[in-house]
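Asks: Taken in order, these protein sequences are the chains called A and B. To convert, take the position in the first sequence, counting from 1, and add 59; that gives our numbering. To convert, take the position in the second sequence, counting from 1, and add 2; that gives our numbering.
Everything labelled a hint here was simulated from the structure, so no lab data went into it. The C-beta atom is built at its ideal place from N, Cα and C for all residues, glycine as well. Be a bit skeptical, because a hint or two may be false.
To be verified - What follows is a set of in silico ranges between Cβ atoms, one per label pair, in the way DEER data are often shown: (1) B:A59 / A:W376: 43 to 51 Å; (2) A:A471 / B:G25: 26 to 34 Å; (3) B:L52 / A:K279: 25 to 33 Å; (4) A:R538 / B:R7: 27 to 35 Å; (5) A:P475 / B:G24: 26 to 34 Å.
To be verified - Stretch by stretch, here's where chain B covers chain A in the computed footprint (C-beta under 8 Å, at least three residues): (6) 147-154; (7) 287-299.
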Amino acid sequence: MSVALLIILLAAACALLLGLAARRGHDMDLEQWSVGGRSFGTLFVFLLLAGEIYTTFSFLGASGFIYGKGAGAYYILAYLTLNQVIGYWLLPVVWRTAQRERLVSQPQFFVCQYGSKPLGILVALVGVAAMIPYLVLQFTGLGIIVSIASYGAISRTEAVWMGAVIVTTYVMISGMRGAAWNAVIKDLLIFGIVVFLGIYLPLHYYGGIGAMFRAIDHAKPGFLAFPVRGNSVVWFQSTVLLNAMGGFMYPHVFSSIFTARGDRILRRNTVIMPLYSLMLLFVFFAGFAAIQQVPGLTGAAIDLALIKLCTQTFAPWFVGIVGATGLLTALVPGAVLLTAASTMLANDLCRAGMRPAASNGSVTRLAKTLVPVVALVAVFFTLRGGATIVALLLMGYNLVTQFFPALVFSFARRNPITSQGAFCGILAGTLAVVAITLTNATLSDLLPFLPMALRDLNVGLAALILNLGVAAIVSAATRVSLAPQQA
Amino acid sequence: MTISRRKLLLLCSAIPFIGMVGGIAFVNRVTPFVFGLPLPLAWITIWVFLTVAIMAAVYALDPANRPPSGDDPPDQIP
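In isolation and in its complexed conformation, chain A is listed as follows (with noise of 0.2 Å):
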């Protein structure tokens, strides 16, 4: 047995047994376990929002599109950082409504909102949808990551069979402190190699940063900024946008941030955040690291990027660890993913939907019980594969950011939308977003009309604006139709 093999073993180990110790001296009720008991200090809520900006998609994803695509990456940091100014404004009034109605999950958040328990079913139908890909993403990661970092002694099938099961025995019995617990040793873990590597291999291969910088420039003129067509300005500056509103639209991130005890914690936690995800500039110069020195990956294979040039410049101890790593990430959103997915099948589909008696402890059972049901699903998405997998994460973006809108207008004083108008325009915005992704279309496809600038705004633009309109058209009939009977 290889010693990379050895200590990625030994990783997942820790990580069970961890997840499984975390239940200690906690009954776990419903609200223990889909939201820690509301508990969480500033640390802990930090580590599961952070886990959001750290999962596989960042460590392998963000590397992996500065290598294949150049600047069109810098986005992402960009929207992480806008991110947390919205939150800063928005998770305070979402925690309040939280805390003072008991809330578990984000349809429960919009049925207190709109008092509307259709509107409920549908952000749960939405977010599961959405969730979904999300999972299957992560562990592609893991299998990616692990079978590679093993050497091959692991294939990608065992991997993802492998973080499946631990993942989805703690999440059983320990839920969202399982995850909690894991993200300590986590972001300590990532924090020092994502630093670690984007120092030394630019160090390493080029003779320090500036340097390689100089070096891309001279083979790739133009690379480094934002072409004039494609990954453009506009292409940016609409998908920080966009990515900015939907940040915390998932619903799993509403879990996260369900477990807080205070509200002041949220704030600290979003001002602070962006210092953290510009760790990220050094997943960047790893990225950047191996365009010339693993030369010749396209299509998704460009995701290996990071891996590659790992198993190619280090001794296999070392490898070892960057495989434990990637594990943990892939583990950490999935169990926070697996708990909110199973916490809205039971809660807000099962009982909101059909069984409107049950109590917390059956949902609790039940929400347990789906646990491996929803693993099972995305492990069968995850070994089925295919090239989908990406579209169908911005697609799981794309719908989330759905959410946002209804949201923002339920804090208004008085607000502008109707139940039936947040209902009609989510709806919208849905069927919209998955028709664009099954059809592919781009903005210029749906507007022939546009200006040549304006051509590669992101097209999940387009479906919040019908999102927008449908709302206020239906808020502006329901309100008509209403007022003689309020009179």
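Position chain B relative to chain A; hints supplied.
Replies: Coordinates of chain B only, in the frame set by chain A:
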């Protein structure tokens, strides 16, 4: 009085958007390298720091973070 102050702080939070997203249109060329970074990446990085500074000031001035109104429950071991 407190309401208008919060509105003012909310407006201040728009500065990072204008700087990072709006400003990028004016710095979209590779050179000059700033701190060794290509100009657009340096621009975004500088704005990350400026954003933290602005939001730290907003946090300090925000009445919601003063003791009686924003209540932190006593510490607990998670």
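Asks: Do the Cβ positions of A59 of chain B and W376 of chain A conform to the proposed distance bound of 43 to 51 Å?
Replies: Cβ of A59 of chain B to Cβ of W376 of chain A: about 46 Å, so the range 43 to 51 Å holds.
Asks: For the range 26 to 34 Å, tell me whether the beta carbons of P475 of chain A and G24 of chain B fit it or not.
Replies: 27 Å, holds
Asks: Would you say the C-beta atoms of L52 of chain B and K279 of chain A sit inside 25 to 33 Å of each other?
Replies: With Cβ atoms ~30 Å apart, the hint holds.
Asks: Using the beta carbons of A471 of chain A and G25 of chain B, state whether their distance is inside 26 to 34 Å or not.
Replies: Holds - the Cβ-Cβ distance for A471 of chain A and G25 of chain B, about 30 Å, lies within 26 to 34 Å.
Asks: Can you tell me if the segment 287-299 of chain A counts as covered by chain B, using C-beta to C-beta distances under 8 Å and a minimum of three residues?
Replies: holds (count 4)
Asks: Would you say the segment 147-154 of chain A counts as covered by chain B, given the rule of at least 3 residues with C-beta under 8 Å?
Replies: Coverage by chain B holds here, the residue count being 3 at a Cβ distance below 8 Å.
Asks: The hint says 27 to 35 Å between R538 of chain A and R7 of chain B; measuring C-beta to C-beta, is that right?
Replies: Holds, since R538 of chain A and R7 of chain B (Cβ atoms, about 33 Å apart) stay within the stated range.
Comparing the model with each numbered hint stated earlier shows that all of them hold.
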